[in-house]
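Sequence order for the protein chains is A and B. Using the working numbering, read the first sequence as starting at 1 and increasing by one per residue. Using the working numbering, read the second sequence as starting at 1 and increasing by one per residue.
Please keep in mind that the hints were generated in silico from the structure rather than gathered at the bench. Values in this document were obtained by computation on a predicted structure and should not be read as measured data. One thing to keep in mind: the hints can contain errors.
Stretches of chain A that chain B covers, calculated by requiring three or more beta carbons in the stretch to come under 8 Å of a beta carbon on chain B [claimed, not checked]:
| hint | stretch |
| --- | --- |
| 1 | 45-59 |
| 2 | 347-359 |
| 3 | 488-497 |
| 4 | 500-506 |
| 5 | 533-543 |
C-beta atoms are modelled at their ideal positions from N, C-alpha and C, and glycine is treated no differently.
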Amino acid sequence: MCRMCTTPAAAPAAFAGPDYPATPNASLLQALIAEQSAAHWISPAALAPLAARHGATRAQAAGVVSFYEFLTDSHPARYRLLFSDDAVDRQHGSAALLEQLCRLLWIEPDHTSEDGLVHVARTSSLGFADLAPTLSINGRSMVRVDAERITAIATLISQQTPLDTWPATWFADARPLTSVQARQRSLADDWHWSEALHTSAALAPAQILEHVTAAGLRGHGGAGFPTGHKWTFAQQAALRTGLATVVVANADEGEPGTFKDRVLLTEFPERLFTGMAVAARATGARRGFLYLRGEYVWLQAALSAALVTVQAHPDWPAAFSVAIHLGAGAYVCGEESALIESLEGHRGIPRNRPPYPAESGYQGHPTTVNNVETLVNAAWLMAHSVEHFRRLGTADSPGTLVLSVAGDCAHPGVYELEYGVTVAHVLAACGATNPLAVQISGPSGTLVERSSFTRRLCFADLPCNGAFTIFDHRRDIFEIVRGYSHFFARESCGFCTPCRVGTRLLARSLDKIAAGHGTRHEIQELRQLESSLRTAAHCGLGQSAGRALTVALKQFWPAFERRLKSHAFEPAFDLDGALARARQMTGRDDAGAHLSQDES
Amino acid sequence: MNPPSATFWLDAQAIPFTPGQTVLQAALAAGASLPHLCFHPEFAPHGSCRVCVVRVGKQITAACTLPAEADMPVESAIPEIQALRQTVVQMLFAEGNHFCPSCEKSGACELQNLARELGVLTAGFRHFFPDRPVDASHPDVWLDSNRCILCELCVRASAEVDKKSVFAIAGRGLGKHLAINSASGRLGDSALQVTDRAAHICPVGALLPKRIGFVTPIGARPFDHPEDAR
Chain A
1 MCRMCTTPAA
11 APAAFAGPDY
21 PATPNASLLQ
31 ALIAEQSAAH
41 WISPAALAPL
51 AARHGATRAQ
61 AAGVVSFYEF
71 LTDSHPARYR
81 LLFSDDAVDR
91 QHGSAALLEQ
101 LCRLLWIEPD
111 HTSEDGLVHV
121 ARTSSLGFAD
131 LAPTLSINGR
141 SMVRVDAERI
151 TAIATLISQQ
161 TPLDTWPATW
171 FADARPLTSV
181 QARQRSLADD
191 WHWSEALHTS
201 AALAPAQILE
211 HVTAAGLRGH
221 GGAGFPTGHK
231 WTFAQQAALR
241 TGLATVVVAN
251 ADEGEPGTFK
261 DRVLLTEFPE
271 RLFTGMAVAA
281 RATGARRGFL
291 YLRGEYVWLQ
301 AALSAALVTV
311 QAHPDWPAAF
321 SVAIHLGAGA
331 YVCGEESALI
341 ESLEGHRGIP
351 RNRPPYPAES
361 GYQGHPTTVN
371 NVETLVNAAW
381 LMAHSVEHFR
391 RLGTADSPGT
401 LVLSVAGDCA
411 HPGVYELEYG
421 VTVAHVLAAC
431 GATNPLAVQI
441 SGPSGTLVER
451 SSFTRRLCFA
461 DLPCNGAFTI
471 FDHRRDIFEI
481 VRGYSHFFAR
491 ESCGFCTPCR
501 VGTRLLARSL
511 DKIAAGHGTR
521 HEIQELRQLE
531 SSLRTAAHCG
541 LGQSAGRALT
551 VALKQFWPAF
561 ERRLKSHAFE
571 PAFDLDGALA
581 RARQMTGRDD
591 AGAHLSQDES
Chain B
1 MNPPSATFWL
11 DAQAIPFTPG
21 QTVLQAALAA
31 GASLPHLCFH
41 PEFAPHGSCR
51 VCVVRVGKQI
61 TAACTLPAEA
71 DMPVESAIPE
81 IQALRQTVVQ
91 MLFAEGNHFC
101 PSCEKSGACE
111 LQNLARELGV
121 LTAGFRHFFP
131 DRPVDASHPD
141 VWLDSNRCIL
151 CELCVRASAE
161 VDKKSVFAIA
171 GRGLGKHLAI
181 NSASGRLGDS
191 ALQVTDRAAH
201 ICPVGALLPK
211 RIGFVTPIGA
221 RPFDHPEDAR
């Protein structure tokens, strides 16, 4: 068993049982993560035996390593620093902090220092938009970093001080950092997970399914699929095939701008495991996984402890055991079928459908993948009535949603509000003065500008996966959208042509406009790319990669227009710039050593 | 369940299918024309190239992975879908380094033929001009990654038919590339033999058997006379 799969000792070994054919490389990824953590890299000497042990070829294992951002097969570094690089981090000066650190350490970003001491890079999001700017060192997150802290970090690294002896209070794992601003149910203190576990233990699977379905609970990951239906499909598939279901909690909270799952996992991990037990009882599962994003590895110890507590409760379903599996830096693994691929130890490539995971998921078993908040809601439902659940929210979106509010506001943090609240209500609650626009659901979601602040957060109007990122009049929407385009290009899994190539083309066109070479041609190209991505991409990542851009082009056109040249087309290369090196070498700077672009 | 005699509509053509067949499988079996690239009848549909996109009602989806259903109206030869396919093919040309005039596969290349069929005359987008290696280490097989379109047919053939898994996929996003299973990472040190299915399945000129270049002269290649082909 690999070191990072934290199967508690008390858990029954259902995994290897006949219902769960243990494919040979089921935990290749977990083994690679363990090796990376121990040795700071996956050396060629370590790779071959690891691959062999898990039934993979060397090239397949190398393919897994190269897929995940936090795994590396070259240039080990004893201190690996990642700066969170989402829109909110940038608002809070993350770029300047990264530059400062690199200057102090005499290194360049994305390059390991010659002595193998330190590596500094950017990562898409560490999940702390409420406490930005953030960085992580060897997987441990540090929030609200400032210039003073950067200086101190540079000194400690230069002196090669072991990370364990750095001030503990610097790290997020040392103290609960949750910034909760409003609590209703998921985050309220007026119920205990053991009540929910107790109630569910007395119910038949059909009763649980009926209760969850009648309540109208919908998935909190963004798509809003009715949870009761998903569980029923899985249960029926299990009855049809004779294969036990697998229950998965999706804690791969990768959407930049969301952090609500981090807060739920920090404050109420027992509620999540209770929700998984409820799902297991309802569908007939013997195996459960909590898929924890690699960025949250610092939460792992506390989660494992909570799991032991809940599993030891007499009302825990006896045949059901849960393992915590780690991600390793891949946004696409939040997509449920990519997540299942990752659980099986592979590259996180979204699968073709049909079949849907509820029919055939983890190792071919009917699999339910639910968001953390959905499972916490399911636990709440076991301790409360359907009528009580429907007392808040709207007819088609009953209950509450937990918002991750960040960006330009006085009180960023987590707000649990009822479905149907207006954007304006949230803005008032968090003290946002003069907001220009709100990005709902992160980069893959939609940009909402001032005239739409009356819209309601619910599935009938404005669906939201929790991310609520505020930009005020100081922000440049063009730059925000350009940042998003780089995010998608970086996180594209590369499986399908439109996303692999199209996301990079999109980023490159926006870069060209940013550099002052943009024309109407680029705008036309942006529209063509957006439409190709939306209609032809294999999964939600590519399909939504141009969503915010489309709104921005319509609602914030001046931000684009003022950057455009008047020509119909402008080449991306800079003729005069191409001569800069020659001028430097010859020491010339006279008129004859320059070329004018307009002559071309 | 659908009776075996059920049909769906590919534009105005009725296509018979058996349950379990996808739209592309049934269309090709019926001899209908539906552009595709990463699909090969010997292997399970892959769904990665997105050339076979079609419209069904409000949805645009890949025909190769779409289960056929009775009376389903599938729109393929419509301007919107043809434009989308052109864009996808242009993306592939912009992504790699495809120099048809100097490529031995010219005239027998699926990508080149597809571009011709779709009327794609230029890459449309700025080329990426990636720096990709040529691996000539194998005595009998060339690997020119510049021409690779990442259809994964060689990966699948090597794993499923040859049972060797000589090829794998590495990297992510635009950095995705073909990887060779050998300690050196070179084809010459792998288990590949020229008689393997994987050595002959490449739809483009990335994997080519050595020493038979121009055995089939230009003018006598499969796609040289489009009026006869397909």
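Evaluated hints:
Taking a C-beta to C-beta cut-off of 8 Å, the stretch 45-59 of chain A contributes 4 residues in contact with chain B, enough for the three needed, and the coverage statement holds. With 4 residues having a beta carbon nearer than 8 Å to a beta carbon of chain B, the stretch 347-359 of chain A meets the requirement of three or more and the stated coverage holds. For the stretch 488-497 of chain A, the stated coverage by chain B is satisfied: 9 residues place a CB nearer than 8 Å to a CB of that chain, which reaches the threshold of 3. Look at the stretch 500-506 of chain A against chain B: 6 of its residues bring a Cβ nearer than 8 Å to a Cβ of that chain, three or more, so the hint holds.
Proximity of the stretch 533-543 of chain A to chain B, defined as three or more residues with a beta carbon under 8 Å from a beta carbon of that chain, is established by the 4 residues found.
Checked against the numbered hints above, the structure violates none of them.
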